[in-house]
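**Student:** Residues per chain, in single letters:
There are 2 protein chains.
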Amino acid sequence: MKISDRIEAAMTTAIRQGQGGIAPAKLAAALDYAVTPGGARIRPTILMSVAMACGDDRPPLADAAAVALEVIHCASLVHDDLPCFDDADMRRGKPAVHRAFSEPLAVLTGDSLIVMGFQVLAAAAGHTPHRAIQLIDILGTRTGMPFGICAGQGWESESQIDLSAYHQAKTGALFIAATQMGAVAAGQEAEPWAELGARIGEAFQVADDLRDALCDEDVLGKPAGQDDLHGRPNAVASFGVQGAVQRFDDILGGAIASIPACPGEAALAQMVRAYADRLVPAGARRRSTVPGE
Amino acid sequence: MKISDRIEAAMTTAIRQGQGGIAPAKLAAALDYAVTPGGARIRPTILMSVAMACGDDRPPLADAAAVALEVIHCASLVHDDLPCFDDADMRRGKPAVHRAFSEPLAVLTGDSLIVMGFQVLAAAAGHTPHRAIQLIDILGTRTGMPFGICAGQGWESESQIDLSAYHQAKTGALFIAATQMGAVAAGQEAEPWAELGARIGEAFQVADDLRDALCDEDVLGKPAGQDDLHGRPNAVASFGVQGAVQRFDDILGGAIASIPACPGEAALAQMVRAYADRLVPAGARRRSTVPGE
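First to last, the sequence lines map onto chains A and B. Residues in the first sequence are numbered consecutively from 1, following the UniProt record's numbering. Residues in the second sequence are numbered consecutively from 1, following the UniProt record's numbering.
Listed next, the in silico SDA-like pairs over lysine to any residue satisfying Cα-Cα at most 20 Å (straight line):
| # | chain 1 | residue 1 | chain 2 | residue 2 |
| --- | --- | --- | --- | --- |
| 1 | A | Lys26 | B | Asp80 |
| 2 | B | Lys222 | B | Tyr33 |
| 3 | B | Lys26 | A | Ser164 |
| 4 | A | Lys26 | B | Glu156 |
| 5 | B | Lys26 | A | Asp80 |
| 6 | A | Lys26 | B | Asp86 |
| 7 | A | Lys26 | B | Ala165 |
| 8 | B | Lys94 | B | Asp32 |
| 9 | A | Lys26 | B | Ser159 |
| 10 | B | Lys26 | A | Leu163 |
| 11 | A | Lys26 | B | Asp162 |
| 12 | A | Lys26 | B | Glu158 |
| 13 | B | Lys222 | B | Met90 |
| 14 | B | Lys26 | A | Ser159 |
| 15 | A | Lys2 | A | Ala266 |
| 16 | A | Lys222 | A | Asp89 |
FRET-style restraints, in silico, Cβ to Cβ:
| # | chain 1 | residue 1 | chain 2 | residue 2 | range |
| --- | --- | --- | --- | --- | --- |
| 17 | A | Glu158 | B | Ala269 | 49 to 59 Å |
| 18 | A | Gly187 | B | Met1 | 34 to 44 Å |
| 19 | B | Ala282 | A | Thr36 | 51 to 61 Å |
| 20 | A | His127 | B | Asp250 | 38 to 48 Å |
| 21 | B | Gly38 | A | Ser238 | 41 to 51 Å |
No wet-lab data here; the hints were simulated from the structure. Even for Gly, the Cβ is constructed at its ideal location relative to N, Cα and C.
Work out the full structure: start from the sequences and follow the hints.
**Tutor:** Printed below as a string of structure tokens:
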């Protein structure tokens, strides 16, 4: 089965479970709404790719880990879009959850999806509870305080920001979770996989900055130019378009070089490169290779 | 060590861990603010009492379970107080988190505390990962969708409410988690302990209705008369004060009768009764025993 099909099948099963039999209908509908259509599913795709590179000897656990990571990511989008944060009307080309349902339901959708992340891992523990516990530990660390995406958002309420801690927590955290959880789901050590995740996170941040600066709302499925608007630090403002693309390529090279020795090392490197190519907007590379343009 | 001291010590350790070294200072402060001072800590106290009645052979796991349950409860209070839900200014006699910090920080505080609940359980797994997985499973079920406190809140957005499902999820869920998690932390089966939790939850709901109807804001530490104000179903409106007290006593009797055979059965029954006495406002019992008053 293709990775993307595995992810979607596992997501559908998890959401159906969360919707249950006798449950509040609107919140049940909002759970599904918040995770579909899925966008690139980049984090679970990386997770699955690492699991497969490591032998994927417990596919149900890898599936659960992929779902856990993605629902937590979706939860963060739902809460980030709330009026008290980004006040975003649109997400992935359709109204944000708080617009389509309501603000209370958006808060609860995020809460329920966070919980679901841990539920699916516990449910998939089976005969390898040690692996499941480790997956829950990694997911918790990269989601909560002091190192996870909650901390990343929290930094935005500070007047003095530790930029490195901010970026690592805000964007890097779930990519580190992706590579480490993929390895652990397949019975490997987490630690050697941290650097790959961290570097992919950095590359992703630069690509996001490029897209925010160069793409319009139709392509993004959300408002463009937000970094500029909110005065947020970003790679395009710091290095220009060409410099940012160069930086992206450098980080990507480092990411691939950091892949630990494993049976599927070559295929994984290829996947990371192919995925990365899709992240950088075409316009950026055209501009950067034809400097006079 | 007294149960209350064990709980506070374990809570302090968990919150310090969550605050970490390099972390956003306001969010770190809000985590502590949201869980202290702790109110009655009724859910972790029940959990600990059940664990001790069952032999408490892994105290660090019982401590972790108590913390996990209490931080999830505190998270729900922080989110329930948000402007889009109860819009409460005060909680436990001091400004609600969104008033003392900000709305974004209140959302993140709740999110971080939810995650912390699962983190502390994973961290305490040690040599009994099966127990930790079961604890995570129970906590997830009683927090998320379709049966947990998220579902309970979700029902309030429906025009047609399944009252039994609503009460079970909104108030009962974390009491069922309390008794089941206490048993599981001590190596016992979860299932026989569900009824005790459910009945304590029902009794608590009735006591809460009595307090809401009879106490003033100073005693409650939050606005009184909220049920009446929001037209919410409650036992005092349905049965009167005397009827509600009678109902409370009946449910309590059922709760105690449901306690499974275990080494500390008698002590547990005594604890439940003593705790329950503190829940019913003195005025209610005076009124109900002197009908002419």
